[in-house]
Amino acid sequence: KAGVTQTPRYLIKTRGQQVTLSCSPISGHRSVSWYQQTPGQGLQFLFEYFSETQRNKGNFPGRFSGRQFSNSRSEMNVSTLELGDSALYLCASSLGPGPNEQFFGPGTRLTVL
Amino acid sequence: QQQVKQSPQSLIVQKGGIPIINCAYENTAFDYFPWYQQFPGKGPALLIAIRPDVSEKKEGRFTISFNKSAKQFSLHIMDSQPGDSATYFCAASIDNNNDMRFGAGTRLTVKP
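Chains as they are written, first to last, in my numbering: chain A, 1 to 113; chain B, 114 to 225.
These aren't lab readings, by the way, just hints derived from the structure by calculation. The reader is advised that the hints may include incorrect statements.
[Unchecked claim] Subject to a maximum C-alpha distance of 30 Å in a straight line, what follows is the list of computed DSBU-like cross-link-like pairs (lysine-lysine):
| # | chain 1 | residue 1 | chain 2 | residue 2 |
| --- | --- | --- | --- | --- |
| 1 | B | Lys155 | A | Lys57 |
| 2 | B | Lys118 | A | Lys57 |
| 3 | B | Lys184 | A | Lys57 |
| 4 | A | Lys57 | B | Lys181 |
| 5 | B | Lys155 | A | Lys13 |
[Claimed, not checked] To spell it out: a stretch of chain B is covered by chain A in this simulated footprint if at least three of its residues, at any positions, have a beta carbon under 8 Å from a beta carbon of chain A; those stretches are:
| # | segment |
| --- | --- |
| 6 | 150–159 |
| 7 | 213–221 |
[To be verified] Restraint ranges, calculated between C-beta atoms of paired labels, are given here:
| # | chain 1 | residue 1 | chain 2 | residue 2 | range |
| --- | --- | --- | --- | --- | --- |
| 8 | A | Arg15 | B | Asp208 | 37 to 45 Å |
| 9 | A | Gly62 | B | Ile125 | 40 to 48 Å |
| 10 | B | Lys128 | A | Arg63 | 45 to 53 Å |
| 11 | A | Ser79 | B | Ile131 | 43 to 51 Å |
Here the structure is a predicted model, which means the values were calculated and not measured. No residue lacks a Cβ here, since even glycine has one placed at the ideal position from N, Cα and C.
Start from the sequences and build out the full structure, keeping to the hints where you can.
Shown next, in the form of structure tokens:
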């Protein structure tokens with residue numbers, strides 16, 4: 001069974017630009033969560049999608065958004081990029097909202113210059 | 114946002130030693146406590162998880178001890194190997210909710 005895939009793996013953008021990251025969950029998984037990982041703040045929850053609906057949202061500004069498609073694939077978008085958005089963005093999939101066993105992808109490394 | 118405190122930040126043990134990583138949480142509504150292992154360039158991988166109705170859970174060389182009254186839980190790695198060298202994260206969430214709160218991570222080095 002293929003794992004969680006994320007594209008692209010690496011991305012370099014400049015301040016003010018916007019970026020879209022993609023995540024394909026494990027086949028059969030309907031819940032997708034996104035996390036931001038930085039050396040200073042660690043792993044922080046961004047949002048979760050289940051059945052194309054956002055279920056939970058972390059404490060991030062509105063520049064961070066996401067969506068989920070009918071095939072459970074998910075995208076997240078960051079607009080008006082700031083230097084502080086440089087991070088590893090991780091996607092995790094699970095069967096549903098519980099029992100919370102999440103499987104992480106390798107992440108997308110975003111660098112904002 | 115961090116509601117889970119993890120210690121130590123880094124840990125060095127000899128092969129065969131038993132590293133212990135500790136976590137403490139604040140929110141008594143948390144009822145799912147997983148541990149993740151992360152190698153450089155990879156996403157976190159679930160190692161073992163526990164719910165508060167048990168005090169200990171063992172899977173292979175990995176054991177979680179859970180103290181509900183103290184709001185603490187810990188990971189023990191028996192007979193540690195150099196291949197266990199990685200960063201370990203504890204986490205907590207409320208059931209039916211994938212909003213996982215992670216500890217800051219512990220970088221473990223197992224020397225041969």
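Here is what the structure says about each hint:
1. Lys155/B x Lys57/A: Satisfied, since the Cα-Cα distance of roughly 24 Å is no more than 30 Å.
2. Lys118/B x Lys57/A: holds, 21 Å
3. Lys184/B x Lys57/A: holds, 25 Å
4. Lys57/A x Lys181/B: holds, 27 Å
5. Lys155/B x Lys13/A: Holds: Lys155/B and Lys13/A sit about 22 Å apart, inside 30 Å.
6. 150–159: holds (count 6)
7. 213–221: holds (count 6)
8. Arg15/A x Asp208/B: 37 to 45 Å: 40 Å Cβ-Cβ, so the 37 to 45 Å window holds.
9. Gly62/A x Ile125/B: 40 to 48 Å: Because 43 Å falls inside the window, the suggested range holds.
10. Lys128/B x Arg63/A: 45 to 53 Å: Once the Cβ atoms are compared, 46 Å apart, the range 45 to 53 Å for Arg63/A and Lys128/B holds.
11. Ser79/A x Ile131/B: 43 to 51 Å: holds, 48 Å
Consistency with the previously given hints is maintained throughout, with no hint failing.
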